[in-house]
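S.K.: Protein chains in written order, with the numbering used here: chain A, 2 to 312; chain B, 2 to 312; chain C, 2 to 312.
Everything labelled a hint here was simulated from the structure, so no lab data went into it.
Mixed in with the good hints there might be a few duds.
The list treats identical chains as one, so a pair stands whether inside a single copy or across any two.
[Claimed, not checked] Each computed BS3-like pair below joins lysine-lysine, with the alpha-carbon atoms no more than 27 Å apart: (1) LYS56 with LYS3; (2) LYS64 with LYS3; (3) LYS219 with LYS163; (4) LYS308 with LYS103; (5) LYS219 with LYS269; (6) LYS308 with LYS295; (7) LYS3 with LYS87; (8) LYS103 with LYS219.
Note that the coordinates shown come from a computational prediction; the quantities given were computed from them, not determined experimentally.
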Amino acid sequence: MKAHEIARLADGILVGDGDVEITHAADIGTANADSLSFSTSLEHVETLAGCVIVKQGSTQTAKAIVEVSDPRLAFSIACEILHPPKRSHAIHPTAVIADSAKIGDRATIGPNAVIGEEVAVGDDCYIAANVVIENGCTVGDRVTLHAGVVVGTDGFGFARDKDRYVKFPQIGTVVIENDVEVGANSTIDRGALGETRIGEGTKIDNLVQIAHNVSIGKRVVIAAQTGISGSTVIEDDCVIGGQVGMGDHARVQSGAVIGSQAGVLPGKIVRPGVWWGTPVQPLDEYKRQNAMVKGLARLRDEVKELKKRLS
Amino acid sequence: MKAHEIARLADGILVGDGDVEITHAADIGTANADSLSFSTSLEHVETLAGCVIVKQGSTQTAKAIVEVSDPRLAFSIACEILHPPKRSHAIHPTAVIADSAKIGDRATIGPNAVIGEEVAVGDDCYIAANVVIENGCTVGDRVTLHAGVVVGTDGFGFARDKDRYVKFPQIGTVVIENDVEVGANSTIDRGALGETRIGEGTKIDNLVQIAHNVSIGKRVVIAAQTGISGSTVIEDDCVIGGQVGMGDHARVQSGAVIGSQAGVLPGKIVRPGVWWGTPVQPLDEYKRQNAMVKGLARLRDEVKELKKRLS
Amino acid sequence: MKAHEIARLADGILVGDGDVEITHAADIGTANADSLSFSTSLEHVETLAGCVIVKQGSTQTAKAIVEVSDPRLAFSIACEILHPPKRSHAIHPTAVIADSAKIGDRATIGPNAVIGEEVAVGDDCYIAANVVIENGCTVGDRVTLHAGVVVGTDGFGFARDKDRYVKFPQIGTVVIENDVEVGANSTIDRGALGETRIGEGTKIDNLVQIAHNVSIGKRVVIAAQTGISGSTVIEDDCVIGGQVGMGDHARVQSGAVIGSQAGVLPGKIVRPGVWWGTPVQPLDEYKRQNAMVKGLARLRDEVKELKKRLS
Numbered sequence: 002m003k004a005h006e007i008a009r010l011a012d013g014i015l016v017g018d019g020d021v022e023i024t025h026a027a028d029i030g031t032a033n034a035d036s037l038s039f040s041t042s043l044e045h046v047e048t049l050a051g052c053v054i055v056k057q058g059s060t061q062t063a064k065a066i067v068e069v070s071d072p073r074l075a076f077s078i079a080c081e082i083l084h085p086p087k088r089s090h091a092i093h094p095t096a097v098i099a100d101s102a103k104i105g106d107r108a109t110i111g112p113n114a115v116i117g118e119e120v121a122v123g124d125d126c127y128i129a130a131n132v133v134i135e136n137g138c139t140v141g142d143r144v145t146l147h148a149g150v151v152v153g154t155d156g157f158g159f160a161r162d163k164d165r166y167v168k169f170p171q172i173g174t175v176v177i178e179n180d181v182e183v184g185a186n187s188t189i190d191r192g193a194l195g196e197t198r199i200g201e202g203t204k205i206d207n208l209v210q211i212a213h214n215v216s217i218g219k220r221v222v223i224a225a226q227t228g229i230s231g232s233t234v235i236e237d238d239c240v241i242g243g244q245v246g247m248g249d250h251a252r253v254q255s256g257a258v259i260g261s262q263a264g265v266l267p268g269k270i271v272r273p274g275v276w277w278g279t280p281v282q283p284l285d286e287y288k289r290q291n292a293m294v295k296g297l298a299r300l301r302d303e304v305k306e307l308k309k310r311l312s
Numbered sequence: 002m003k004a005h006e007i008a009r010l011a012d013g014i015l016v017g018d019g020d021v022e023i024t025h026a027a028d029i030g031t032a033n034a035d036s037l038s039f040s041t042s043l044e045h046v047e048t049l050a051g052c053v054i055v056k057q058g059s060t061q062t063a064k065a066i067v068e069v070s071d072p073r074l075a076f077s078i079a080c081e082i083l084h085p086p087k088r089s090h091a092i093h094p095t096a097v098i099a100d101s102a103k104i105g106d107r108a109t110i111g112p113n114a115v116i117g118e119e120v121a122v123g124d125d126c127y128i129a130a131n132v133v134i135e136n137g138c139t140v141g142d143r144v145t146l147h148a149g150v151v152v153g154t155d156g157f158g159f160a161r162d163k164d165r166y167v168k169f170p171q172i173g174t175v176v177i178e179n180d181v182e183v184g185a186n187s188t189i190d191r192g193a194l195g196e197t198r199i200g201e202g203t204k205i206d207n208l209v210q211i212a213h214n215v216s217i218g219k220r221v222v223i224a225a226q227t228g229i230s231g232s233t234v235i236e237d238d239c240v241i242g243g244q245v246g247m248g249d250h251a252r253v254q255s256g257a258v259i260g261s262q263a264g265v266l267p268g269k270i271v272r273p274g275v276w277w278g279t280p281v282q283p284l285d286e287y288k289r290q291n292a293m294v295k296g297l298a299r300l301r302d303e304v305k306e307l308k309k310r311l312s
Numbered sequence: 002m003k004a005h006e007i008a009r010l011a012d013g014i015l016v017g018d019g020d021v022e023i024t025h026a027a028d029i030g031t032a033n034a035d036s037l038s039f040s041t042s043l044e045h046v047e048t049l050a051g052c053v054i055v056k057q058g059s060t061q062t063a064k065a066i067v068e069v070s071d072p073r074l075a076f077s078i079a080c081e082i083l084h085p086p087k088r089s090h091a092i093h094p095t096a097v098i099a100d101s102a103k104i105g106d107r108a109t110i111g112p113n114a115v116i117g118e119e120v121a122v123g124d125d126c127y128i129a130a131n132v133v134i135e136n137g138c139t140v141g142d143r144v145t146l147h148a149g150v151v152v153g154t155d156g157f158g159f160a161r162d163k164d165r166y167v168k169f170p171q172i173g174t175v176v177i178e179n180d181v182e183v184g185a186n187s188t189i190d191r192g193a194l195g196e197t198r199i200g201e202g203t204k205i206d207n208l209v210q211i212a213h214n215v216s217i218g219k220r221v222v223i224a225a226q227t228g229i230s231g232s233t234v235i236e237d238d239c240v241i242g243g244q245v246g247m248g249d250h251a252r253v254q255s256g257a258v259i260g261s262q263a264g265v266l267p268g269k270i271v272r273p274g275v276w277w278g279t280p281v282q283p284l285d286e287y288k289r290q291n292a293m294v295k296g297l298a299r300l301r302d303e304v305k306e307l308k309k310r311l312s
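With the hints as extra help, turn the sequences into a complete structure.
M.R.: What follows is the structure, given as C-alpha cells:
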C-alpha cells in the first residue's frame, strides 16, 4: 500500500513522497520505515514511521504525511485494507451445527462452536471458538461473535409459588442485526415471549449481560461488564460505559451517554446528554453534588463557628 | 389444551367458553385466537387472545377468562404444561464425560460439555453446551446449568511468601442441590478445604461469581453479574439483585432483599429487610441519606445566609 | 508425610511427636487424626487433627504442633507437597491445537481447549477445558488458565464514521509471563497495535476483564469481576479487589491496594496506599466522608436550630 493510496482512501491531503510503501500499521513510538502510523497531536512526535496520518495543521514530519480531520478514523479506515481480518470462511470440523440451521456464505465458524436448531446465521459472519447460539435465534450479515459468547439461553424469570419458584416461560428468541460485534463471554438471553434485539452496527464488549426482551438500537456502544435488565430499551447511537447496571423496563433515549459504573433504576427514562453515578444523574449535577460532599467538612466547621458566635 | 384445563391447573375461576383451544403462550399485545395470555391489570387490555388469565375483579374480556389471585404465577404454571422444555434426554456425542462420572436418568448433556472424574449428576438434569463440571462435584436432580457455566474450578486463595504467592489448597468440592438453575457463563468455585453449596430451588442468573466455601440456602434468587466472596453465607429465601458485591465471611439472613449494585462488607450480617447501596444500609435510610445529599446545596445556602445575618 | 517433615518445610519449630503421619489437609473443625490443619488464633481450638500449624505463642495442643510466624503460608507450602495438583501432562484428544502452535513440556491441555496459530505455551502449563488462546499469543511456564478463559480476542476500539463504527485495528498480541493464574471465564484482549501483558506471578480471579494494551506488573492480585480498561498500567505488587472498574490510561503505582467496587477514572494515577470508593480516594478520606454524610441529619438540625435562635 502506498502513501498516496492511503491519502485517497482517507480523503486526506498528501504531503511528501506519495510512493512511500507501507506494509503494516504501528504505534507512532514503535513504528519503522514500513509502518503506517497516526498522531492526534498537533505537535511533532519523534517517529521512524514511513507514513503518518495527522490532523490538519500538525507540525509532524515523515517521508509521507496525510492530513485529515480525524486521524484515528482515517487510520482505522486504512487498516481495514492494510490488515483485513484473517478468516477461514469455513466451518471448523469440530463445530456442532444443527441440521436445520442455515449458515450464510463465507461464514467462519470456529472450533467447538455450537449452532442450534432453526438458527439463521447471515453472510460473512465470524462466529469464534466455543460460541453457543441456541435454537431459533437469528444473526444478520457481517456479525462477529467472539469466543465464548452465548446467545439465546433462557432469560431469568420466575414466579414464586409457596415453597418453590416456577419458571416463567422463556420461549422467545434473539435477533442480532447486521454488522454487530459482541465481545468474549458476553451473554444475550432470548425473549420470554417476544424477542431480544441487538440493532445494526451495535458494538458490545466482553462479559456484557443482555437480559430477555431487551431492545438495543443501532450503532450503540456498550463497554465491558455492563448488565441490562429485562425489557429495557436503548435507542440508537447511545454510548454506555463499562460495569453499568440498568434495571428492567428502563429507556435510554437516543444519543444518551452513560458513564462507567452508573446505575439506572427500573423504569427510568434517561434523556439525551451525559449521565453519571447511581442512581444516574446528569454529569454536571453529579459533579456539583460530589464537590458539595467533598466540602462537607468545611460546611460543618462553618456551622460550628456560627454556634460559637451565637453563644 | 383447553381453557377449562388451564382454570383447573391454575386453581382459578373460568368465565366464558371452557372449550377454547389454546396452542401456545403469548404476550397479551401480540396474542391471537390460539394464544394463552395473562394480564396483571384490573383494566381491560385490547387483545386477540383466546384465553386470558387475570386477577379477580378484572374487567378483561376474551372468549375465555381465568380469574386467579396471581396471574403471572398461574400463567407460568400453565406454561409448564403448554411449553415443556425441549430436551433430548441424551448425552451429546461431543460431550466429554469421565469414566468415573455418574450421570442420572433422562439427563440431557449438551455438545462439548465436560464432566470430570467422580462427578455425580442427578436425574432429569439439563447440562447445556460447553458447561464444565470439574472433578468430584455433585449436582442434584432437575438441575439446569446453562451454556458456559463452570462448576468446581479452584477458588482464589493465596498466601504471600516473600517474592511469590503460594496457592492455598483448593481441594474441596461443590454441591448443587435439586432444582437449581444457573445462568450462562456463571462460575462456582470449589471449596478450599470444605464445600461450596447451592441450596435446593435456588436460581442464579448469568455471569454470577460464587467463590469457594460460599453457602447459599434454598430458594435464593441471585441476578446477573453478582459476586459472592469466600465463605459468605446466604440463608434461605433471600433475593439478591444484579451486580451486587459481597465481601468474604458475610451472612445474609433469611428473607433479606439486597438491591442491585449494593456492596456488602466482609463479615457484615445483613438482617431481614430491604437493603441498598455501598456499604449496604436499610432502603429507608439509604433514601433518606440520598435526599439529604441532594438537599446539600440548600443547606449550604442557609448557612451562608446565617453568616450574613450574623455579620 | 510426617510432622517433622512439615516442620522442616515450613521452617517451623516442632512440638510433640515428629513421627505423626499425615495424609491430607483439612479445616481445623473437620480434621481427623490423619489431618494436617492450621490455626491463626493464639488460643486453643478443639480439634482432632494429628498435626496443627500455629503461630508462635499459641496454646494449641495436638499430637504434633508446628510453630511458625505465618501459619496460613506454612500450611499452603506444606499442601504444595501434600496435595500436588492432579495433572495429566497430556493434550486431551478433543483439544484443537493449530499446527504452528508450540506447546511446552509436561503441559496439560484440557478437553475442547482451542490454541491458535503461532501461539507459544510454556512448560508445565495447565490449560483447562474450553480455554481459547487466539493466534499469536504467548504464555509462559507454569501458567494456569482455568476453564472458559479467553486470551487474545480483539480489543474494543472503534472510530465513528458518519453512520457506522469502523474497527480500530486490533492486531497486537498478549504476553502472559511465568506463574500466572487466571480464573474461569476471564477475558484478556490482545493489544490494538502493541501488546497486553500480564506480569510474572500475577493471580487473576474469575470473570475479570483485561482490555487491550493493559500492562499488569508482577505479583499483582485481582479479585473477581474487576475490569481494567485499555492501556491502563498496574505496577508490581498491587492488590485489586473484586468488581473494581478502571478507566483507560490510568496508572496504579506499585503497592497500591484498591477496595472492592472502587472506580478509577481514566488517566488517574493511584499512589501507594489503600484506596476506596468511586471515584477512588484514600481509605481514610473515604471513611471520613462517609461518616460526614451519615451525620448530615444532625448538621441540618443544627442549622435549623441556629435559624430559630437568630429569629
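S.K.: Hint by hint, say whether it matches the structure.
M.R.: Comparing the hints with the structure gives:
1. LYS56 with LYS3: Cα proximity of LYS56 and LYS3: one copy only (19 Å, versus 70 Å across).
2. LYS64 with LYS3: within (12 Å within a copy, 72 Å between copies)
3. LYS219 with LYS163: between (42 Å within a copy, 13 Å between copies)
4. LYS308 with LYS103: neither (78 Å within a copy, 75 Å between copies)
5. LYS219 with LYS269: Only inside one copy: LYS219 and LYS269 sit 20 Å apart there, 32 Å across copies, limit 27 Å.
6. LYS308 with LYS295: Both: 22 Å inside a copy, 21 Å across copies.
7. LYS3 with LYS87: within (21 Å within a copy, 55 Å between copies)
8. LYS103 with LYS219: This pair counts as within: shortest intra-copy Cα distance 24 Å, inter-copy 42 Å.
Of the numbered hints listed earlier, the single one contradicted by the structure is hint 4.
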